[in-house]
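**Student:** Assemble the complex: chain C is given as a structure, and chain X must be docked to it using the hints.
Protein chains: 2
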Amino acid sequence: MKPAITYELIHECKQTGARRGVIHTPHGDIQTPIFMPVGTQATVKAMTPEELKEEVKAQIILSNTYHLYLRPGEKIVKEAGGLHEFMRWDRPILTDCGGFQVFSLSDLRKISEEGVEFKSHLDGSRHFFSPEKVMQIEEDLGADIIMSFDECVGYPATYEYTKNSMERTTRWAKRCKEAHKTTEKQALFGIVQGGMFKDLREQSAKDLVELDFPGYAVGGLSVGEPKDMMCDVLAFTTQFLPKDKPRYLMGVGSPDYLLEAVLRGIDMCDCVLPTRIARNGTATTSQGKVVVRNATYERDFSSLDPNCDCYTCKNYTRAYIHHLIKAKEILGARLLTLHNLRFLTRLMEQVRKEIENDNLLTFVKKFYQEYYQEDWKQ
Amino acid sequence: MKPAITYELIHECKQTGARRGVIHTPHGDIQTPIFMPVGTQATVKAMTPEELKEEVKAQIILSNTYHLYLRPGEKIVKEAGGLHEFMRWDRPILTDCGGFQVFSLSDLRKISEEGVEFKSHLDGSRHFFSPEKVMQIEEDLGADIIMSFDECVGYPATYEYTKNSMERTTRWAKRCKEAHKTTEKQALFGIVQGGMFKDLREQSAKDLVELDFPGYAVGGLSVGEPKDMMCDVLAFTTQFLPKDKPRYLMGVGSPDYLLEAVLRGIDMCDCVLPTRIARNGTATTSQGKVVVRNATYERDFSSLDPNCDCYTCKNYTRAYIHHLIKAKEILGARLLTLHNLRFLTRLMEQVRKEIENDNLLTFVKKFYQEYYQEDWKQ
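Top to bottom, those sequences are chains C and X. So for the first sequence, our numbering puts the first residue at 4; every next one is plus one. So for the second sequence, our numbering puts the first residue at 4; every next one is plus one.
By construction, these hints were calculated from the structure, which means they are not laboratory data. Check the hints yourself; a few may be wrong.
Note that identical chains are pooled: a pair holds if it fits in a single copy or bridges any two copies.
For lysine to aspartate or glutamate, the following EDC-like pairs were computed, each having C-alpha atoms within a straight-line distance of at most 20 Å [what the hints assert, rightly or not]:
1) Lys317 <-> Glu54
2) Lys329 <-> Glu82
3) Lys209 <-> Glu228
4) Lys56 <-> Asp312
5) Lys48 <-> Glu88
6) Lys292 <-> Glu373
7) Lys201 <-> Glu228
8) Lys317 <-> Glu57
A quick note: this is a predicted structure, and the numbers were derived from the prediction, not measured.
The following block holds chain C by itself, in its conformation from the complex:
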């Protein structure tokens, strides 16, 4: 049986081992490593599909099962012809499994072996997610890549809690695989958990690889732990993942974390960071972070990022964007969102070239020397 997606490893960087590849999907090829913009509610906030394709040059976007299940409801998306049709995006889509959102509801949810009972953050109504239910929702949504139902354990967590949770996540992954019917159209990824404990990470990875998924995610990282620890656990984990399958690090989107992920063999990343900070008035630029909402940019008639090729940077001044953000104008959010996303896709274009040229380590060192700011994440 033909799998929904396949991964082709083109080159490994001789300096770092970072992977340059292609993921073949029902909606086209994805050049990796890749950053995936997040379209939580069937829209990448403030963007049209045309802008994502022509300006951002996004190859794949992510959308959220939890949010779409609650609103508009997966049945309406299915009636519309699936998520691609509904939101008019004809390139690949990945849906998460809702686990992260459901478990984030803290006092609004109750976990059992069967699944998770939770209350909607919208209206307090009661719902139940099991691995089987999540598969039904993700199949109705119709993304190219779908995620198995997992628990994302926070930091810090005890060994015992993490072990029990990881083992249940593996059992749920097995149930997802058994429930998943549309294997020729949608590729189901397993999610490696295990917190900051290496033996648990190893166990999780090996058990999931045994189940033979078409791709693997690393979950439960960048959840508050120190950066060194994230890098260490990630590097340790990826060694157990097969070379012929794509690897996705969930929820990472600052420039430095993206680079660290790629250095450790990751192919795909996603994060709401670039779109969220845009709406707050912050830009990521080749000159570092620019908090354009600050008064210092009131009379700055230069472009946001002189080295950027995006619509925003080619056309507008910092002073104008500053004004739009201060005045809470939608165009301000649009211009910054477009730029921040393009900044990351350009970074990844560069990263792909550096891997091909066996030069990624040199590039990353230069990045830290010339660019990196401690307070990047806000």
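**Tutor:** Below, chain X without anything else, positioned relative to chain C:
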């Protein structure tokens, strides 16, 4: 001395007397009658200049002196090279005089012969607008058409209050004309006031025509009076305005009011209505008003307006736009704003053709029979 703008009357509709013309401005020609989208804070909410030109096909936009004076401040706009440069709009711009906003502040303002003292709605700081001050601000902003400082009297108002206010508005118009220096780049319009009293309207119009402005606005209508009264006063007023100058009815933007205005010899209209109702989830369509945020559109997979040529109608379903509006997504506001503006510019394109064909009355009758809804304004 060459005036900043000139008006060319091309044709008068034999059925109605409605005017088909061209206004020549420093930033290009405007085919009239015309609807002008409002860009209150140096941006037509949610739109880029490219969208306004290519999709909406807007020929001129309006911006607000009061808002730009307070934020970012007219001096910053001037430093940017003027409003056209600041917001990257290379077609004509009209700025109002701030009178409407300042007088709307009710208990925050104090009127004298010299001008109006008011408190900012943003931070409560004190400011003073005189005719001379308003001219300085509008000259710094650099629009092609600027308005003289007036008081817009509400409805109802006493004869005495309206008379005193109208006479002061005329004195202020004279002071504006004397203070206005950039006459070759910017055309200053006088604003006819006089409330619902015909003798005051006649007096106001005649006094302003005596002052010989390059264009005239009719203010103080559509301020709460019955529609019949608006139509009656408007028709009475326009007879006193010269045929070789453009006529602008301020603050009118519902389809039926636009038609009524054109029937009575008006060339230009503006209103925030189409952009404001868009953000609330309402569309104006060839099938009447569509409150797309209502649950009835949850599963409506047809286009917003099957007869519309805009990006929104060519690409998206009502169900998707409904979802975006319910989820408070920026894209929802974008799609509806674009459509609502295009709906009015298309209506005016049609109106221009009907005038040329001496058929406007027939068209308007058909409009009321097939289309009009009492509750249009919301």
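**Student:** Hints broken by the structure, by number, lowest first?
**Tutor:** 3
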